[in-house]
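Asks: Here is what each chain is made of, one letter per residue.
There are 10 protein chains.
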Amino acid sequence: MLFLVHMQVQIPHGTDAAFADALKAEEKAFSQKLQREGKWRHLWRVAGEYANYSVFDVESNDELHTLLTALPLFPFLKISVTPLAQHPSAIVPN
Amino acid sequence: MLFLVHMQVQIPHGTDAAFADALKAEEKAFSQKLQREGKWRHLWRVAGEYANYSVFDVESNDELHTLLTALPLFPFLKISVTPLAQHPSAIVPN
Amino acid sequence: MLFLVHMQVQIPHGTDAAFADALKAEEKAFSQKLQREGKWRHLWRVAGEYANYSVFDVESNDELHTLLTALPLFPFLKISVTPLAQHPSAIVPN
Amino acid sequence: MLFLVHMQVQIPHGTDAAFADALKAEEKAFSQKLQREGKWRHLWRVAGEYANYSVFDVESNDELHTLLTALPLFPFLKISVTPLAQHPSAIVPN
Amino acid sequence: MLFLVHMQVQIPHGTDAAFADALKAEEKAFSQKLQREGKWRHLWRVAGEYANYSVFDVESNDELHTLLTALPLFPFLKISVTPLAQHPSAIVPN
Amino acid sequence: MLFLVHMQVQIPHGTDAAFADALKAEEKAFSQKLQREGKWRHLWRVAGEYANYSVFDVESNDELHTLLTALPLFPFLKISVTPLAQHPSAIVPN
Amino acid sequence: MLFLVHMQVQIPHGTDAAFADALKAEEKAFSQKLQREGKWRHLWRVAGEYANYSVFDVESNDELHTLLTALPLFPFLKISVTPLAQHPSAIVPN
Amino acid sequence: MLFLVHMQVQIPHGTDAAFADALKAEEKAFSQKLQREGKWRHLWRVAGEYANYSVFDVESNDELHTLLTALPLFPFLKISVTPLAQHPSAIVPN
Amino acid sequence: MLFLVHMQVQIPHGTDAAFADALKAEEKAFSQKLQREGKWRHLWRVAGEYANYSVFDVESNDELHTLLTALPLFPFLKISVTPLAQHPSAIVPN
Amino acid sequence: MLFLVHMQVQIPHGTDAAFADALKAEEKAFSQKLQREGKWRHLWRVAGEYANYSVFDVESNDELHTLLTALPLFPFLKISVTPLAQHPSAIVPN
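Order-wise, the sequence lines are chains A, B, C, D, E, F, G, H, I and J.
Note that UniProt numbering has the first sequence beginning at 1, numbered continuously upward.
Note that UniProt numbering has the second sequence beginning at 1, numbered continuously upward.
Note that UniProt numbering has the third sequence beginning at 1, numbered continuously upward.
Note that UniProt numbering has the fourth sequence beginning at 1, numbered continuously upward.
Note that UniProt numbering has the fifth sequence beginning at 1, numbered continuously upward.
Note that UniProt numbering has the sixth sequence beginning at 1, numbered continuously upward.
Note that UniProt numbering has the seventh sequence beginning at 1, numbered continuously upward.
Note that UniProt numbering has the eighth sequence beginning at 1, numbered continuously upward.
Note that UniProt numbering has the ninth sequence beginning at 1, numbered continuously upward.
Note that UniProt numbering has the tenth sequence beginning at 1, numbered continuously upward.
Any given hint might turn out to be false.
[Claimed, not checked] Computed, partial: chain C to chain A, Cβ under 10 angstroms:
no., residue
1, Met1
2, Phe3
3, His6
4, Val9
5, Thr82
6, Ala85
7, Gln86
8, Asn94
Treat the hints as calculated values from the structure; they're not laboratory data.
We treat Cβ as the ideally placed atom computed from N, Cα and C, and that holds for glycine.
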């Protein structure tokens, strides 16, 4: 079951750089683990912004919530979620 | 080069049903042709709405514009376009 | 799996009254069938508006989309969907 | 009498963690007390966000205001309230 | 129990004038009846607009909804409702 | 001459509590003085929010501005003003 | 007493041209009469739009409302009103 | 003196096609005349939309207004204007 | 050439009072100088807000930008600019 | 391939002045280098604001993103990007 997720990263100015770098490294590792597992199906950068559009493939709203709130950067993310359904003109199933 | 495209379909009440059905059939055929060619890489329905999120893979802004304005339903679409870049944490290239 | 659904009914002025009344009767019957089946778990009127907030309990985004687009009034509804997850402080499971 | 309440939790970065944890524990206890009393009829997490949608069952606007402002997290909540009425198609009374 | 209600009147251009005048006369009579009964406690015109702010004094959300949807102009009104509570600095009870 | 005034109180987290309490006490005293004088005709709490809707009865825009900017909490208020006129269906003069 | 008034003219496509022209001529005459009387103190076109910003000098909200609703184009205007007060740095009184 | 102008074309469904085509042809001719004269310095299509961003080079706000309202499609355009100034980092004068 | 300028003053809580007072005094002096020169033609307070609407009379966008950015309070202002043109019904030239 | 880019500069009050000045000097140098290379085709100041509208000419979304995130002021910029296509009435190619 697919969800489009829009994430904007908002780390306050003045955040300790080493702390932020460590969070970003953890975020990258966790993101890549989820991508390899097929949970985080797509990850694209929004051109010109510190933001991404992603597509998650999960079993339920609860699994989606668990994954998103487990992101190391979650406290610094502004997230909005759009549930996706099968489009009748799509040539592949979701 | 990828673009996220949000399309909302707004066919006025009272539009001739046969006319609308013909347009939708043409739209579906054209959409599936572009999907098979790899231009229209993803097509998802927004749950509960007569709308979709799509990802297009094109050579340029001009090619994107040409494709979108060639959609049979274009006069009835509210479209917004978000250019996408490679995300440094993505495990596959765009 | 629960979704909060906000529906605003927008039937154009000048719509044939008998046609509208028939649609509304079908809508009511279909809504009550879904409520009895447990799919449409809650249905509340927004005070002062021709609108409702509802909670649906479905297996997937696809099922939700299928139910909503099957509503007789669907062509006249402005719908927005919010996926709900289990709240850790709730004393009952969703 | 039912009200839909949307709460977004906005605790500033840098808030003392022990202080925040204590508030959250009090919030949970108070919320569960109100749920058991039937005042806080539903509590759902918004998927992907530190936010909830809730339904309160109270005698009056004043009782609703008293309960919401008594929440330990109230100073950190962005709240909006929607009064709900009986829907004529609902198969159960509010 | 008080509610602030904002009403914007939107009668489409081209509506039959006699029909509109009859509705407005019924609206005025009904409004004045509710004012005399104390249900419609205040009624003010928004300067420069075909709109009003009103305060209703009712027993419940359901009574408010019943009154508002009974307004002869209801199909032409854009309404938003704000529930009001006792302010601790007010020198009179609501 | 009446004005509807919407005030949202936004005191930053971390403001000295004694300072804030003193301001609020002054605000209450000043508000009640204006109410007794008939300048601040109505004062209602917005249910669930640290905000109010008020109606002021003043001689001019200048008097309104003078009163509002004299509020002890003024530096912490987000204010919007709506000028009100006599409604032709109101059974009492403004 | 001054008010800034923003007016956007929205005459539906298809309105009879002679009817619209007659209204505009009446509007112009009425506007110029009010300007000569000093009630409509300033009248500026918004560059590139069928809209204006105006400043009215009136005795009260009621007089403002009476003037604006007497405009021949009133049924086709989207109006918003901002009450103005004396600025302490202005070198002339309002 | 430069102005950024955003124009969205909104021709109602059902407009006579020959009429619309004639307007568009006149618009194109007029636009190209202004471009050749240097008044309409840039003209770009917004990808995926029936809209453009343009830069005009004119002597005054009045000249800009005269040009924009002379566009054959003006009654069907939603226009917003942003005045531009010399940027201190630009390597060419405006 | 006239421009309507909306300025909202947003000085952060905690700003040194003597510093702020000095800025405001400089702002007042500079504003009054520009008013006497005819550059800052009108200056009105928005009733109830720390904001103003002003009309500037300048030779060009560049002159407007130079004046506005020279305001002592400029770093604390949220500014929006609307270019004004001659209105055909105005009885005086701009 | 052209993109319209809107940048608003938001440097927090209290940022070290020497640090900010150094960033701005680097920004200017980098911007002028990109202008000379033809990547940053246009750069205009928005009159009255600490903001600009720019047009970039790049090979791809990725190149645009790389350039924008390399701006020394990037952490302090609020950016939005609009992809531009060839307009059929433009007398020059993009």
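Asks: Using 10 angstroms as the Cβ threshold, decide whether asparagine 94 (chain C) counts as touching chain A.
Replies: holds, 8 angstroms
Asks: Using Cβ atoms only, decide whether valine 9 (chain C) comes closer than 10 angstroms to chain A, and label the hint accordingly.
Replies: violated, 22 angstroms
Asks: Hey, does the histidine 6 (chain C) contact hint survive, CB to chain A under 10 angstroms?
Replies: Check failed: Cβ of histidine 6 (chain C) comes no nearer than 14 angstroms to chain A, outside 10 angstroms.
Asks: Using 10 angstroms as the Cβ threshold, decide whether glutamine 86 (chain C) counts as touching chain A.
Replies: holds, 5 angstroms
Asks: Given methionine 1 (chain C) was flagged as interface, is its beta-carbon under 10 angstroms from a beta-carbon of chain A?
Replies: Hint on methionine 1 (chain C): holds, closest Cβ of chain A at ~5 angstroms, below 10 angstroms.
Asks: With a cut-off of 10 angstroms, does the beta carbon of alanine 85 (chain C) approach a beta carbon of chain A closely enough for the hint to hold?
Replies: holds, 4 angstroms
Asks: Using Cβ atoms only, decide whether phenylalanine 3 (chain C) comes closer than 10 angstroms to chain A, and label the hint accordingly.
Replies: Holds: closest Cβ of chain A sits about 7 angstroms from phenylalanine 3 (chain C), inside 10 angstroms.
Asks: Holds or violated: the hint that threonine 82 (chain C) contacts chain A, with Cβ atoms closer than 10 angstroms.
Replies: OK, holds: threonine 82 (chain C) within 10 angstroms of chain A, min 8 angstroms.
Comparing the model with each earlier hint shows violations of hints 3, 4; every other hint is respected.
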